[in-house]
Amino acid sequence: MTHALFTVVGLVVVGGGLYLLVRGPASLRAGVAVLGLVLLISGAWYGLSVAPPDREMGNVQRIMYVHVPAQWMALMAVTLNFFCSVAYLFRPGWAKDALAEASAEVGLFFGAVGLVLGSIWGKPTWGVYWSWDPRLTSEAILLVAYAGYLALRRFIDDAERRAVWSAVVGIIIAVDIPIIWFSVRWWRSLHQMQSSPSTVDPDMVRALRWNAFAFLALWLVFLSSRYLIARARTQREVAPPPLAAEVAT
Amino acid sequence: MSAGRPPNLLGATWVLVRKDLLLEWRTRARANALVFFSLATLLLFSFALGPDTTILRRAAGGTLWLAILLASVLALGESFRVEQENAALDGLRLAPADARALFLAKSLANALLLMLLGTVILPVLAALAGVTLVQGPGPMAVVLVLGALAIAGPGTLYAAIASQARARDVLLPLLLFPLLIPALVAAAKATSLVFEGDPMLQFRSWLGLLAGFDLVYWSLGFVLFPRVLED
Numbered sequence: 056m057t058h059a060l061f062t063v064v065g066l067v068v069v070g071g072g073l074y075l076l077v078r079g080p081a082s083l084r085a086g087v088a089v090l091g092l093v094l095l096i097s098g099a100w101y102g103l104s105v106a107p108p109d110r111e112m113g114n115v116q117r118i119m120y121v122h123v124p125a126q127w128m129a130l131m132a133v134t135l136n137f138f139c140s141v142a143y144l145f146r147p148g149w150a151k152d153a154l155a156e157a158s159a160e161v162g163l164f165f166g167a168v169g170l171v172l173g174s175i176w177g178k179p180t181w182g183v184y185w186s187w188d189p190r191l192t193s194e195a196i197l198l199v200a201y202a203g204y205l206a207l208r209r210f211i212d213d214a215e216r217r218a219v220w221s222a223v224v225g226i227i228i229a230v231d232i233p234i235i236w237f238s239v240r241w242w243r244s245l246h247q248m249q250s251s252p253s254t255v256d257p258d259m260v261r262a263l264r265w266n267a268f269a270f271l272a273l274w275l276v277f278l279s280s281r282y283l284i285a286r287a288r289t290q291r292e293v294a295p296p297p298l299a300a301e302v303a304t
Numbered sequence: 234m235s236a237g238r239p240p241n242l243l244g245a246t247w248v249l250v251r252k253d254l255l256l257e258w259r260t261r262a263r264a265n266a267l268v269f270f271s272l273a274t275l276l277l278f279s280f281a282l283g284p285d286t287t288i289l290r291r292a293a294g295g296t297l298w299l300a301i302l303l304a305s306v307l308a309l310g311e312s313f314r315v316e317q318e319n320a321a322l323d324g325l326r327l328a329p330a331d332a333r334a335l336f337l338a339k340s341l342a343n344a345l346l347l348m349l350l351g352t353v354i355l356p357v358l359a360a361l362a363g364v365t366l367v368q369g370p371g372p373m374a375v376v377l378v379l380g381a382l383a384i385a386g387p388g389t390l391y392a393a394i395a396s397q398a399r400a401r402d403v404l405l406p407l408l409l410f411p412l413l414i415p416a417l418v419a420a421a422k423a424t425s426l427v428f429e430g431d432p433m434l435q436f437r438s439w440l441g442l443l444a445g446f447d448l449v450y451w452s453l454g455f456v457l458f459p460r461v462l463e464d
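Those protein sequence lines, which keep their order, are chains A and B. The first sequence begins at 56 in the numbering used here and counts up by one. The second sequence begins at 234 in the numbering used here and counts up by one.
If you are wondering where the hints come from, they were derived from the structure by calculation, not from laboratory data. Check each hint, because a few of them may be wrong.
Unchecked claim - Derived, one-sided and incomplete: chain B residues facing chain A with beta-carbon distance under 10 Å:
| id | residue |
| --- | --- |
| 1 | Leu243 |
| 2 | Leu254 |
| 3 | Leu256 |
| 4 | Arg259 |
| 5 | Tyr391 |
| 6 | Phe410 |
As the list claims (entries may be wrong) - Okay, the calculated bits of chain A under chain B, using three or more residues with CB under 8 Å as the criterion:
| id | region |
| --- | --- |
| 7 | 147-160 |
| 8 | 201-208 |
| 9 | 215-221 |
Backbone N, C-alpha and C define an ideal beta-carbon position, used for all residues, glycine too.
With these hints in hand, go ahead and build the complete structure from the sequences.
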């Protein structure tokens, strides 16, 4: 019950935040960006000095405070991309297309950050930067897939075709996620299981949540800014403003 | 087929498959090029992995599927490039046939071509890598069929998209390769098990994964392809 409540509240915060940032003045985006940076810096301080070191992994474990939120943000962005793609095919609209583009790019960014942080953590813990563990491998495959998605968007000039085709590709990639996961898990396995908040020190949980909110603020700013750029670009393609010469005459 | 009545889905698919195969048969240029391309790939793999036959033998399953996968990009791109000539694709779109029939036909024709390709290069691989079909030809045929279907289904959908974009030769592998990794893993593993025997009885699980992949992507392609073609 509490989980469902948290999910609903979270969706309202994310959705409402995104709406406000897109519709509101640019100063609001700047404000949230500053807030995100402050949270990020203070979260780094909290995670590095206040939270206790892990019993087995020692200080290395502190990377988790930024690695895990980055992965959460990537997951949220990819989910958003999937829903935008499906929604576009049912009822076309430029807003959905622009949001799909923004979420793919932001998801790729946070996913890449999470992957790099994870592999830095892996070197002292597993002894290697890269292990062929299902999560790592699945995520790497997905990042390449979304890079392909973004390349596709670049290579199609017609705005309407681009929207339809990238929606199709977005759905196809999202459907691949569980299949990739299973195939790679059968192929090989090694990743850490998740810990539940009740088994770890409360200061650790606090550090993680703090950083998660910092990442969320930045995620919202990135996504809304990227959305506005995508929106402006399609606007110019579909209904270009009059040329300077035409205006003069 | 009585005049004036549009053909049903399967009828239209059959007509289109025959058209594609007939085109292929008349020149045989694409099939020939593909066979020699994948033979060259097999040779390259053998040279890259070194003269040690134990390594070659262990890598044989993956080598076979990489050779087919690399050739498939050329085959898929070509299968839509021929439709661009004389705006043949527009002609097909105007015909009173379901766009989904076009997907089924193109995918089936491509899959048949890839199965043929696999059958032709398999003996060469067996000779180069020194492998034998320990489990017999039956399981190998099943893997070839399921693997070819796995490449051809999503491959046809993506080729239809890429063929109308800029830089299509770069775009198709960029989109297709990450998507096909589960199918590649399953097909390569299953093939290795055919070559080396299957003491742990894993063969069926890999076939299951491959069949599931086929089912998911052929259904998705079937549903989404009309949206790709519409203007």
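Okay, the hints, checked on the actual structure:
A cut of 10 Å between beta carbons decides the hint on B:Leu243: the least distance to chain A is about 24 Å, and the hint is violated. Hint status for B:Leu254 relative to chain A: violated, with the closest Cβ pair at about 27 Å, above 10 Å. Interface hint at B:Leu256: violated, since its Cβ lies 26 Å from the closest Cβ of chain A, which is beyond the 10 Å cut-off. Violation of the interface hint for B:Arg259 is found here, the shortest Cβ-Cβ separation to chain A being roughly 31 Å, above the 10 Å cut-off.
Evaluation of the B:Tyr391 hint against chain A yields a held restraint, the C-beta minimum of about 8 Å falling below 10 Å. Interface restraint check for B:Phe410: the shortest CB-CB distance to chain A comes to about 8 Å, inside 10 Å, so the restraint holds. Counting residues of the region 147-160 of chain A whose beta carbon lies closer than 8 Å to any beta carbon of chain B gives 0, which falls below the threshold of three, so the coverage claim is violated. A count of 5 residues in the region 201-208 of chain A with a Cβ less than 8 Å from any Cβ of chain B is obtained; the coverage claim is therefore met, three being the minimum.
With 3 residues carrying a beta carbon less than 8 Å from a beta carbon of chain B, the region 215-221 of chain A meets the three-residue requirement, and the given coverage holds.
Hint compliance for this structure: hints 1, 2, 3, 4, 7 are broken, all remaining hints hold.
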